[in-house]
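Okay, here's what each chain looks like letter by letter:
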Amino acid sequence: MAFVAGYVLLLIAFGVLPTGYAIYFAFTDGGGSFTGFSNFISTAQDFRFVDAIGHVAIYLVFWLLSLVVFVVALALLLHRVSSSRASQALRFLYYIPGALAGAASVLVWLFMLDPTVSPVSSLLGALGFHTFGEVIAPGNLPVLFTIVAFWTGAGGWIVVMYGALNNIPTDVMEAARIDGASAWQTAWHVQIPMLRKWIIYMVILAFAGGAQLFVEPQLLSLASVGVAGRDYSLNQLTYDFAFQMNNINGAAAVSMELLVVSVAAAGVFVARSGFFDAD
Amino acid sequence: MFVNKPSVPSKRSVLLAVCAATMALAVSACGGSTAQKTTKDGFAQAPQKDGALTVWVDATRLDAAKQYQQLHPEVKLDIVSYDGDANGSNYLQTKVQLFNRTGKGWPDVVFSSQNNEASWAVDAGFAAPLDKGLIPADTLGQFAKGANDVCTVNGTVYCLRNDLSQAVLWYNAPLMKQFGYQVPKTWEEYQALGEKVAAEHPGYLVGDAGDSYTPEIYMWASKCEANHITGPKAVTVNTTSDSCTKMAKLMDGLIKNKSMSISGVFSTDFGKNEADKVLLMPGPAWYGGAVFKDTLKTPEKTVGVAPIPQWQGDTSPSTGNVGGGTWLLSQHSTNLKAATDFLKWVTTDNAYQGEKAPGFPAYAPAAENWLKAQDASGYFATSLSPLKDASSQVWSNWGSGQYSQEAIWAADVKPGMTQGQSIASLLPAWQASIVKHAESFGYKVSS
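The listed protein sequences derive, respectively, from chains A and B. Read in my numbering, the first sequence has 229 at position 229, and its numbers run on one by one without any break. Read in my numbering, the second sequence has 357 at position 357, and its numbers run on one by one without any break.
Be aware that a few hints might be false.
[To be verified] Listed next, the stretches of chain A that the computed footprint assigns to chain B, with coverage defined by at least 3 CB atoms under 8 Å from CB atoms of chain B:
id, segment
1, 109 to 117
2, 196 to 206
3, 223 to 234
4, 241 to 248
[To be verified] Beyond 12 Å from chain B on every Cβ pair, some chain A residues (computed):
id, residue
5, G36
6, D46
7, L64
8, Y95
9, W151
10, V268
11, F275
Hint data in this document are derived by calculation from the structure and do not stem from the laboratory. Backbone N, C-alpha and C fix where the C-beta goes; we use that ideal spot for every residue, glycine too.
When you get a sec, could you build the whole thing from the sequences and use the hints?
Here it is in structure tokens:
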């Protein structure tokens with residue numbers, strides 16, 4: 001009991017109370033009187049709202065797909081590396097980018113993506129990019145944000161998956177080997193099914209994080225002096241509502257929508273996957 | 001065991017205490033200052049006391065605040081350095097929204113590099129009116145004509161302009177002489193020269209259209225009515241009129257023949273590939289120091305200044321304006337006397353504006369002094385007097401609204417230009433975007 005009390009207190013102070021405050025904001029106006037759903041309606045009618053949803057949705061598709069495919073694949077590869085020293089070195093290497101704070105890693109990428117100063121400018125040139133402006137054309141943004149987010153966040157997940165792979169009982173793996181299963185068959189029929197809960201867990205958290213896309217487009221917007229747009233993602237739009245248009249109540253309404261969508265998505269994933277079923 | 005200690009009531013009371021404390025914090029934060037206010041100088045003033053003066057400045061204006069402190073050691077000055085809202089970061093606005101909620105924390109005097117701050121700072125109850133008693137009328141009268149237009153809301157002045165950013169035509173004097181070219185006086189001559197340069201000296205540039213403030217340099221000078229603020233919440237937007245399309249076509253031609261760049265002057269590729277290829281460059285007053293001297297490292301006695309071209313048949317020259325900082329004074333200041341003194345000093349005194357300021361001072365007597373000092377420095381190849389003429393030639397039908405014209409151009413026109421679309425073909429999209437942004441801020445738009 002005492003063990004959770006501290007956590008519960010912090011959760012109330014920094015999680016529940018602010019959320020309650022935001023809900024209060026979402027249903028009231030600047031003067032504090034109840035306005036029903038008008039904040040939700042007025043923000044949804046803003047000309048940037050639908051665009052921002054589209055941007056975030058496309059980004060989520062790229063981000064979640066790449067995360068599931070590459071994280072699982074890299075973790076399986078890592079698990080197959082038999083030399084323990086090579087495996088340690090690789091785990092360290094995967095983890096390093098995650099140690100950089102979000103904003104700092106985005107700055108590293110701004111540098112990498114500018115053909116004039118990038119160490120991989122020849123590669124960018126081969127892809128047909130000669131100026132920073134060409135690289136950050138609006139159509140390229142979902143892919144760019146995915147690359148940045150993957151580089152920053154995937155390493156930690158690879159290490160988590162690797163740990164989960166290590167937890168698969170050796171007799172199961174051995175049985176597969178004795179039955180003559182190839183590496184591919186073992187991965188597909190034994191390892192991935194046993195990783196399922198971890199993958200669901202990763203997708204739930206990555207969905208919630210991805211839906212809150214903010215740092216990447218915001219910094220890119222500053223670096224490109226506006227080309228990437230200050231209202232690319234829903235969270236940026238929320239920020240604009242709150243601090244540029246003095247509409248904190250509208251901002252709270254959009255935040256509520258994000259919360260509801262993330263919780264609903266998590267609920268669907270959990271229900272469909274039997275996440276809490278006992279093994 | 002700790003868990004079973006009979007301390008449940010005390011835990012509950014701890015929980016209650018934490019909740020009560022949180023509530024108390026929230027209430028006190030929302031309460032703000034409720035002390036009696038007196039209406040004077042056109043606004044309700046907080047009770048005055050002699051406290052330290054909090055001044056927010058950007059890195060460039062840090063010298064100004066330090067110089068004031070040196071000259072006035074008796075004033076307790078708390079100098080806070082911030083980004084000056086550079087690139088429309090909205091830092092000041094963000095903070096003021098928060099201070100308005102918590103009821104404290106506002107700076108007494110603040111510098112901003114954006115000239116549309118008054119448009120929100122008045123609504124937010126932050127900026128104090130200056131022409132109702134704080135700043136004497138004869139001081140205000142000596143600012144350059146139209147300088148404080150961006151600070152004027154409903155006929156009241158709410159900020160003072162730091163510097164002017166009137167556009168002129170910068171050029172490389174030795175290179176022009178070597179190539180045997182004349183500095184163009186009209187946009188038609190400018191266009192002809194661009195075509196000549198493309199044919200005779202490919203690679204050299206007569207201008208740059210890669211920055212987000214490109215419309216302020218070219219479209220404004222062409223009297224394109226993209227941003228005519230006609231009232232506190234009214235704007236006229238017409239980007240497809242003749243005055244807009246003829247400039248768009250001129251630029252498209254020069255971009256096509258590559259005598260006009262579409263990289264921004266501060267972008268890494270411009271600095272690397274085109275720094276020594278600038279033959280001519282229409283741009284604001286601050287280009288002399290910030291672009292040519294500091295960024296492009298153009299050698300001294302190279303850069304000359306001429307008036308911005310005008311269309312043939314135009315009766316009077318007109319030019320655009322790119323930025324120019326403003327100083328705001330907080331309505332919430334509890335030390336208005338010291339704050340006003342600082343504001344007056346920093347915008348008008350020769351010690352800073354007339355001698356040290358990097359940009360063309362908005363206060364005319366200081367500007368005279370500043371021009372003398374610049375000419376005496378010997379960096380420029382010609383006299384800077386065209387800057388003075390241009391200071392009163394800024395076309396007045398382009399205003400400073402709450403939404404950012406630069407952000408709209410950057411997000412909706414620049415990517416198209418990068419992909420090879422012509423500016424002329426992007427004019428309707430530019431118009432649509434301005435209209436949508438203006439309407440979302442509650443502007444009544446006409447075209």
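Hint-by-hint comparison with the structure:
Counting residues of the segment 109 to 117 of chain A whose CB lies closer than 8 Å to any CB of chain B gives 4, so the stated coverage by that chain holds, three being the minimum. Residue count for the segment 196 to 206 of chain A with a Cβ under 8 Å from a Cβ of chain B: 0. That is fewer than the three needed, and the coverage hint is violated. Beta-carbon proximity to chain B at under 8 Å applies to 7 residues in the segment 223 to 234 of chain A; the threshold of 3 is reached and the given coverage holds. For the segment 241 to 248 of chain A, the proposed coverage by chain B is satisfied: 6 residues have a C-beta within less than 8 Å of a C-beta in that chain, meeting the threshold of three.
Annotated as non-interface, G36(A) keeps its C-beta farther than 12 Å from every C-beta of chain B; the closest such distance is 21 Å. Against chain B, the non-interface label of D46(A) is violated: not every CB pair exceeds 12 Å, the least being about 6 Å. No beta-carbon of chain B is positioned within 12 Å of the beta-carbon of L64(A); the least distance is around 26 Å. Every CB of chain B is more than 12 Å from the CB of Y95(A) (nearest about 31 Å), matching its label as outside the interface.
With 12 Å as the threshold on Cβ separation, the claim that W151(A) sits away from chain B holds: the shortest Cβ distance comes to roughly 22 Å. Every Cβ of chain B is farther than 12 Å from the Cβ of V268(A); the closest lies at roughly 33 Å, confirming the non-interface assignment. The Cβ of F275(A) sits about 29 Å from the closest Cβ of chain B, beyond the 12 Å cut-off, so the non-interface label holds.
In summary, the structure is inconsistent with hints 2 and 6 from the numbered list given earlier, while agreeing with the others.
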